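*Asks:* Fit chain L to the supplied structure of chain V, relying on the hints for placement.
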Amino acid sequence: MTQDWLYGLLGGLLIGIASAILLLGNGRIAGISGILGGTLARIPQMRGVAEGLLFLIGLIGGAFLYAVTLGPPEISVTTSAPVLLVGGLLVGLGTRLGGGCTSGHGVCGLSRLAPRSLIATGLFMATAAAVVFALRHLIGVN
Amino acid sequence: MRALTALISGALFGLGLILSDMVNPARVLGFLDVAGVWDPTLAFVMAGAVIPMVIAWRIAATRQAPIGGGNFPGPADTQIDTRLLGGATLFGAGWGLVGFCPGPALTALGTGSFAALIFTMAMLAGMLGYGMILPASKTI
Chain V
0 MTQDWLYGLL GGLLIGIASA ILLLGNGRIA GISGILGGTL ARIPQMRGVA EGLLFLIGLI
60 GGAFLYAVTL GPPEISVTTS APVLLVGGLL VGLGTRLGGG CTSGHGVCGL SRLAPRSLIA
120 TGLFMATAAA VVFALRHLIG VN
Chain L
0 MRALTALISG ALFGLGLILS DMVNPARVLG FLDVAGVWDP TLAFVMAGAV IPMVIAWRIA
60 ATRQAPIGGG NFPGPADTQI DTRLLGGATL FGAGWGLVGF CPGPALTALG TGSFAALIFT
120 MAMLAGMLGY GMILPASKTI
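Residue numbers (numbering that gives the first Met the number 0), protein chains in the order written: chain V, 0 to 141; chain L, 0 to 139.
Chain V extracted, bound-state conformation (with noise of 0.2 Å):
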C-alpha cells in the first residue's frame, strides 16, 4: 500500500496524543514497559496500581475491542515459540533495567530530548537492527 507511510504518521499522532493527555491529565510518563512493570512490582502491596491498571485495560481492552467490532488487524509473526519466549524476556528484563521501551525513552524522553534517552533509543535500535541483519542475512532466518 502506498499510503502506509500516511497511516503510520496518523497512528504515531494518535499514540502522542494519548502521550499527551496522560502527562498533562495525570503528570504520567506514558512508557509501557514503565507503567506494565511497575504496575507489576506493586501488586503485592497492592498501592498506586489503579491508574496504571486502568492505562493497561484501556490498551488491552480497547484492542480487544477494535477486533470484535471491525475484525483482528493483522499480525504476522514468524518466530518459533522457544525464540519468542527468549525474546520477551530479554525485552521484559532489559526494558526494565534500561528504565524504558519505545515509547518511554523513544516517544516521551526523545520529545524533551533527555540525554538517557537519546542514548538507549540509539542503541535499542542499533542493536535490534543488528540481530535482524544476523538472523535475515547471516543466517537467513525469520
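Derived by calculation from the structure, the hints in this document are not laboratory data. Quick caveat: nothing in here was measured; it's all calculated off a predicted structure. Check the hints yourself; a few may be wrong.
Reference excerpt, derived from the structure (chain L facing chain V, CB under 8 Å, subset only) [said to hold, decoys possible]:
(1) F43
(2) T119
(3) G125
Rough simulated footprint, nothing fancy, chain L against chain V, three-plus residues with beta-carbon under 8 Å [unchecked claim]:
(4) 9-19
(5) 40-47
(6) 78-89
(7) 121-132
Pair ranges (Cβ atoms, derived) [stated by the list, open to error]:
(8) L:G85 to V:G47: 25 to 35 Å
(9) L:G68 to V:Q44: 15 to 25 Å
(10) V:G121 to L:A25: 21 to 31 Å
(11) V:Q2 to L:A2: 35 to 45 Å
(12) L:G68 to V:T77: 16 to 26 Å
(13) V:H136 to L:A2: 41 to 51 Å
(14) V:A80 to L:A60: 41 to 51 Å
Virtual Cβ for every residue (Gly too), placed ideally from N, Cα, C.
*Replies:* Relative to chain V, chain L alone:
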C-alpha cells in the same frame, strides 16, 4: 478524573498502534531490516508521536500541576550508566528477535494473538525476574 484519563489514554495508545500497523511484528522487522527491502513506516510513527509530546512538554513547563492533580515528572536524569546501556542492549536484542516491544505486544494480545500471549508471558517473567535481582531502576 485521573482514572478516566488513564483509561482513555491507554485506549487511544492502542488504537494508534493498530492504525499505524506497529502491532504487526512483520512491519517492525521491515523497518529494522536496513539491508533488506527497507520499510520506513516506523520512522513516520515516531515522528507523528513525538510532535504532540514536544507540545505537551512545553505546555507542562508553563503549568504548576497536571489537570488531574499530582505532580509533573521532574527534570530528565542525565546519568548514563551501565544499567541504561546494558538494558537498552538487551531490549534491542529481544525486539530484533521477534519484532514486538511492550506496547505492541500488549495490544496484539488484546486482539487475540497467541504469539503475543507467549511473548507477553515471557516479558512479564523478565520484568518480575528483574525486580527480584535488582531494585527498581530509574525511569527516564
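*Asks:* Check, residue by residue, whether the stretch 40-47 of chain V contains three or more positions whose beta-carbon lies closer than 8 Å to a beta-carbon of chain L, and give the verdict.
*Replies:* With 1 residues in contact (Cβ-Cβ under 8 Å with chain L), the coverage given for the stretch 40-47 of chain V is violated.
*Asks:* Could you tell me whether the CB distance from V:Q2 to L:A2 stays inside 35 to 45 Å?
*Replies:* holds, 36 Å
*Asks:* How does the Cβ-Cβ distance of V:G121 and L:A25 compare with 21 to 31 Å: does it lie in that range?
*Replies:* With Cβ atoms ~24 Å apart, the hint holds.
*Asks:* Take the C-beta atom of L:G85 and the C-beta atom of V:G47, compute their distance, and say whether it sits inside 25 to 35 Å.
*Replies:* holds, 27 Å
*Asks:* Identify whether the interface hint at L:F43 stands, where standing means a beta carbon of chain V within less than 8 Å of its own.
*Replies:* Holds: closest Cβ of chain V sits about 4 Å from L:F43, inside 8 Å.
*Asks:* Check whether three or more residues of the stretch 9-19 of chain V sit with their beta carbon closer than 8 Å to a beta carbon of chain L.
*Replies:* holds (count 11)
*Asks:* L:T119 was flagged as interface toward chain V. Is the shortest Cβ-Cβ separation under 8 Å?
*Replies:* holds, 7 Å
*Asks:* Do three or more residues of the stretch 78-89 of chain V come closer than 8 Å to chain L, measuring C-beta to C-beta?
*Replies:* holds (count 10)
*Asks:* So does V:H136 sit 41 to 51 Å from L:A2, Cβ to Cβ?
*Replies:* Taking Cβ atoms as reference, V:H136 and L:A2 lie about 48 Å apart, which means the hint holds.
*Asks:* Does the Cβ pair V:A80, L:A60 satisfy 41 to 51 Å?
*Replies:* For L:A60 against V:A80, whose Cβ atoms are near 47 Å apart, the range 41 to 51 Å holds.
*Asks:* Taking a Cβ-Cβ distance under 8 Å as contact, does the stretch 121-132 of chain V have three or more residues in contact with chain L?
*Replies:* holds (count 11)
*Asks:* Tell me if the interface restraint on L:G125 is satisfied: Cβ within less than 8 Å of some Cβ in chain V.
*Replies:* holds, 2 Å
Hint violations for this structure: numbers 5, 12, all remaining hints satisfied.
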